[in-house]
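Chains as they are written, first to last, in my numbering: chain A, 7 to 330; chain B, 2 to 394; chain C, 2 to 326.
Worth flagging that the hints you see were computed from the coordinates, not collected in a lab.
Warning: the hint list may mix true and false statements.
[Stated by the list, open to error] Sample of chain B residues with no beta-carbon within 10 angstroms of chain C, all distances over it, derived:
no., residue
1, 130
2, 131
3, 151
4, 153
5, 184
6, 308
[Said to hold, decoys possible] Stretch by stretch, here's where chain A covers chain C in the computed footprint (C-beta under 8 angstroms, at least three residues):
no., region
7, 56-62
8, 102-111
9, 176-188
10, 267-281
Since the model is a prediction, treat every value here as computed from it, not as a measurement.
Note that the Cβ used here is the ideal one computed from N, Cα and C, for glycine as well.
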Amino acid sequence: MEIVATQDLDVRLSLDLYRGMLQLRDFELKVQELYRAGMLPGFVHLYVGEEAVAVGVCASLKRYDLVYSTHRGHGHALAKGVTGREVMAELWGKQTGCSGGRGGSMHMFAPEYGFMGTNGIVGGGIPLATGAALAAQLRNSGQVAVSFFGDGAVNSGSFHESLNIASVWNLPVVFACENNLYATEMAFHRATKNTGVASRGVAYNMPSVEVNGSDVHECFRTGREAIDRARSGGGPTLIEFKTYRFLGHHEGDPGTEYRTKDEVESWKRRCPIKAFRDKMISSKLASERDFEQIQLETDAWLEDAVQFSKSSPDPDPSTVLDFC
Amino acid sequence: MESEIVMPQLGLTMTEGSVNSWLKQPGEHVKKGEMLFTVSTDKVEMEVESTGSVFLNPLVDLNTLVSVGTVIAVLTDQAGQTGITRQTSTNGQTSPFIQQPPRTAESKTATADSTETTGRGGIPTSPRARSLAKRLGVNLAEITPASGTRIVEADVQAHYDRSTSRSSEPVSIARRITAERTSQSFERAPHFYLGRLVNAGKLVRLREALQSPAERNLGFKITYTDFLLRALAIALREEPAVNAYWGDGGVVARSTIDVGFAAQTEKGLLVPVIFNAGLLGLFAIASQRKELSDKAREGKLQLQDLQGGSATLSNLGTYGIDYFQAILNPPQSVILASGAIAKRPVVMGDRVEAADTLNLSLSADHRVLDGVAAAKFMAALARMIEDPLELLV
Amino acid sequence: MREITYGEAGVEALREEMARDSSIVYIGQGIGPRGGNFRQTRGLWKEFGDHRLRDTGICELGETGVAIGAAMNGCRAVVDEVFLDFILEAMTQVVQQAATIHYLSNGKIKVPVVIRGAMGSVRNAGAQHAHSFYSWFAHTPGLKVVVPATPRDCKGLFKTALRQDTPVLFIEHKALYNIKEAVPTEEYLIPFGEASVRRSGKDATLVAVGRMVHVALEAAAALDRDGISVEVIDPRTIAPLDRKTIVDSVRKTGRLAIVDEAPSMCGFSAEVIAFACEQALDSMDAPPRRICSLHAPNPFSPVLEDQMLPTSTKVAHEIRQLIAA
């Protein structure tokens with residue numbers, strides 16, 4: 007697909023989008039490495055392959071807009087502006103993590119960036135995002151709330167009730183479904199007879215759209231449209247991003263017991279980062295040099311995050327009952 | 002080196018006593034033979050000698066009944082701590098001759114804890130009761146709970162109140178002891194009563210006649226009590242069945258004739274006993290009577306002055322009483338209650354005349370005596386009072 | 002002083018707080034124009050309108066999550082489950098989200114949400130409309146639990162609840178909405194963590210919650226005629242809990258009983274006995290007793306439900322046993 011760069015996006019923005027995706031990719035791969043080396047407590051669900059969605063959507067968000075994320079949320083956090091240091095330190099359980107080490111991967115909170123939490127409960131953040139949007143409407147704050155969730159959440163009561171409330175009250179919320187075709191080991195087509203997530207929005211009389219989640223420009227465009235709609239009082243939108251995770255459900259799950267190798271490979275070939283880079287170069291909107299530069303900067307950024315986290319102190323045990 | 006001071010056995014029937022006062026301060030040096038504390042028993046208050054060295058802190062509260070043999074203080078030959086802790090439970094015997102009050106088998110397994118964990122017969126005790134018992138120094142083994150199933154705070158408090166003079170109106174030890182003994186006597190001995198009105202004219206004249214000799218020989222006045230005591234002693238010799246008591250499920254004969262008389266003191270009722278009254282003449286009896294009365298008044302009676310007795314005389318004549326019935330003084334089988342000698346109408350021949358008369362009332366223990374035996378005894382008494390010259394020989 | 006009902010007291014508290022704090026939003030079923038199934042929001046919609054009193058469909062999970070989300074973004078939210086029994090549809094939002102967010106965010110995010118609902122049995126409402134599982138929420142760290150038993154307390158505690166920065170379960174009792182009491186018109190708040198000694202006594206301590214406070218007082222009056230003096234304590238808030246007042250009372254009386262409409266197993270009554278023994282075992286003169294609902298779902302037939310529920314007769318009987326023990 008041709009990029010209509012001058013009309014839709016400028017190069018700078020595109021390179022920012024690329025940088026964002028690269029940060030997410032390298033970050034997650036580093037987390038995988040650290041986790042396998044036994045450095046990180048708990049467990050992690052990695053975002054590798056889905057970068058275009060988080061980065062594309064969050065690029066249109068202001069700092070005061072709110073994002074509610076999932077168990078697979080490092081990408082959302084970084085894309086929303088939470089620093090690499092704070093996310094990495096949180097994974098390490100350190101005091102300097104965005105949740106002070108209390109949350110870990112699935113309970114990351116950084117309200118100063120509008121990041122209102124990763125969530126260990128599938129669908130847990132959808133009503134919360136809807137409520138945040140209610141507050142925005144009541145207070146006339148101009149905020150938009152984005153709720154990220156996966157295909158695993160769309161058959162739940164949470165999903166249904168939230169979309170219903172959002173539509174009847176016309177709330178400024180964007181429901182962003184990352185349909186990566188699998189909820190843990192359950193293939194979407196085995197969980198439901200209606201494999202069209204976007205079609206569900208129609209049931210609530212809500213604008214709904216399907217998007218190629220591997221194309222960051224598409225993600226950006228669709229995201230922006232929905233966010234603008236919400237911000238201007240047009241109410242909620244349901245976006246289905248068709249995407250794929252290259253790794254298993256969590257680190258420790260090879261992701262191959264319920265997926266064929268061919269399928270995984272075919273999606274890897276459509277890697278959003280590689281595809282975008284190729285497109286930019288072939289359209290002569292950016293050079294190899296640009297990308298190498300971005301890679302170097304990303305390497306430095308990541309290394310800094312790792313070192314920072316490694317050397318940060320653990321939380322003070324005597325604070326265990328604080329905020330309780 | 003430490004030595005224990007225990008609640009001493011001060012008399013054959015003593016089972017419990019309480020420390021009235023300490024005569025030395027904790028830490029003070031005490032010489033052997035010096036008085037260390039006073040004890041209240043059911044009969045008397047006594048001083049007890051020290052066995053030497055330095056007296057340490059007392060281990061029991063004042064005026065709290067503890068069993069004979071309980072360790073109540075410790076003497077050491079160096080100032081310092083003792084390893085012996087405050088005890089509220091029976092600590093076991095220190096001498097085979099010390100009589101212990103009867104105990105159930107269970108309480109003999111009491112632990113070395115300073116408080117019992119169960120009361121008599123292993124009855125559960127509430128934590129609150131246990132705390133209070135500890136504070137008050139009460140022995141839980143002595144308590145029977147009101148509910149029957151668990152010893153509670155109220156049981157401990159009631160026991161404590163009963164066993165100390167710490168009720169709302171302070172009660173003297175003597176009062177309490179009298180209350181206990183008379184209750185016991187009245188409950189256990191089946192009393193029956195005989196009364197006789199005797200002609201006291203000759204007695205009145207005899208006493209008068211003997212006043213000067215008494216003053217000269219004894220230095221004090223002879224009283225009707227003396228005559229009555231002599232009469233009792235002789236009557237006991239004549240009717241040996243009366244000189245016995247109920248004990249161990251049978252009649253136990255006494256080997257001596259000892260006669261007691263009720264003496265009211267400030268501290269309460271005491272009954273000093275004249276030993277071998279059967280062998281003493283009238284003046285000798287009077288002498289003894291005087292000495293014991295004086296001692297009683299001065300609070301100087303010893304325990305041995307109060308023990309035993311074949312019979313007791315209670316004379317309320319000086320208080321204007323015509324007639325009364327007394328409660329037996331356990332374990333005695335008879336008590337003679339005499340009223341005032343006064344001029345009363347009597348029948349002489351066919352005429353009613355005024356004469357000095359005396360009402361005698363005998364209470365007797367039906368376990369030991371039947372009516373006839375008591376009546377014979379009474380008859381002897383009556384005879385000797387109506388013809389009192391017999392009392393002089 | 003004028004007398005108002007428990008229900009009216011709650012409305013008054015809401016009205017005052019909603020007027021004072023424009024960030025308060027109230028959502029639930031039938032709480033708008035209808036004024037609430039128990040008239041618990043009567044008149045408020047007229048005053049504050051659609052924006053601030055929002056009727057929802059039957060979607061407790063969605064409603065509750067929305068309230069929590071709104072509380073996370075600058076509103077003070079109240080979600081009215083109406084029957085507390087219906088909170089069960091939303092338990093994941095209450096326990097997994099509301100209760101944890103303030104703690105897990107290292108104190109950065111406040112969650113000023115009040116979750117309201119009425120517990121307990123009324124008019125043989127039946128098993129699914131009569132639960133008293135308030136102790137589940139006290140058992141969950143991060144939640145405050147308020148159980149007013151009188152109109153005066155309802156108003157004062159509700160106002161305090163509406164000023165908290167972390168989630169509160171405000172649990173009324175269905176059978177109490179119509180009871181009356183003198184309630185001040187002047188502003189007053191009742192702090193959490195302060196029990197109320199409803200009746201002073203010296204022979205036994207009786208702890209009671211919600212409607213059982215009135216059952217306890219009835220029993221205490223009957224026992225008083227027999228010379229048994231019972232101290233009745235209403236904790237008013239289960240979390241935070243005023244243990245001190247209860248322990249002091251046990252130290253005084255030596256005998257403890259609890260009456261609770263919830264079943265005894267793992268309930269609030271067990272908690273009271275646990276801490277009373279921990280702190281005052283040596284003051285106890287008898288083993289503690291509990292008068293609770295029997296361990297069964299609430300049956301419909303009045304005869305069966307009466308058998309199941311605590312009554313003042315049962316309480317008086319147990320207290321007599323407690324004294325005699």
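Now for the hints, and whether the structure bears them out:
1. Non-interface status of residue 130 of chain B relative to chain C is broken: a Cβ of that chain comes within 10 angstroms, the nearest being about 7 angstroms off.
2. For residue 131 of chain B, the requirement that its beta carbon stay farther than 10 angstroms from each beta carbon of chain C is not met, with the minimum near 7 angstroms.
3. With a cut of 10 angstroms on Cβ distances, residue 151 of chain B falls inside the contact zone with chain C, its closest approach being about 6 angstroms.
4. Not every Cβ of chain C is farther than 10 angstroms from the Cβ of residue 153 of chain B; the closest lies at roughly 5 angstroms, contradicting the non-interface assignment.
5. Look at residue 184 of chain B: its CB is around 29 angstroms from the nearest CB on chain C, clear of 10 angstroms, so calling it non-interface holds up.
6. Once the 10 angstroms rule is applied to beta carbons, residue 308 of chain B is consistent with being away from chain C; the minimum gap is 43 angstroms.
7. Only residues whose beta carbon comes within less than 8 angstroms of a beta carbon in chain A count, and the region 56-62 of chain C has 4; three or more means the coverage holds.
8. Under a criterion of three residues with beta carbons nearer than 8 angstroms to beta carbons of chain A, the stated coverage of the region 102-111 of chain C is upheld, 9 such residues being counted.
9. Under a criterion of three residues with beta carbons nearer than 8 angstroms to beta carbons of chain A, the stated coverage of the region 176-188 of chain C fails, only 0 such residues being counted.
10. Taking a C-beta to C-beta cut-off of 8 angstroms, the region 267-281 of chain C contributes 0 residues in contact with chain A, too few for the three needed, and the coverage statement is violated.
Hints 1, 2, 3, 4, 9 and 10 from the list above are not met by this structure, while the remaining hints are.
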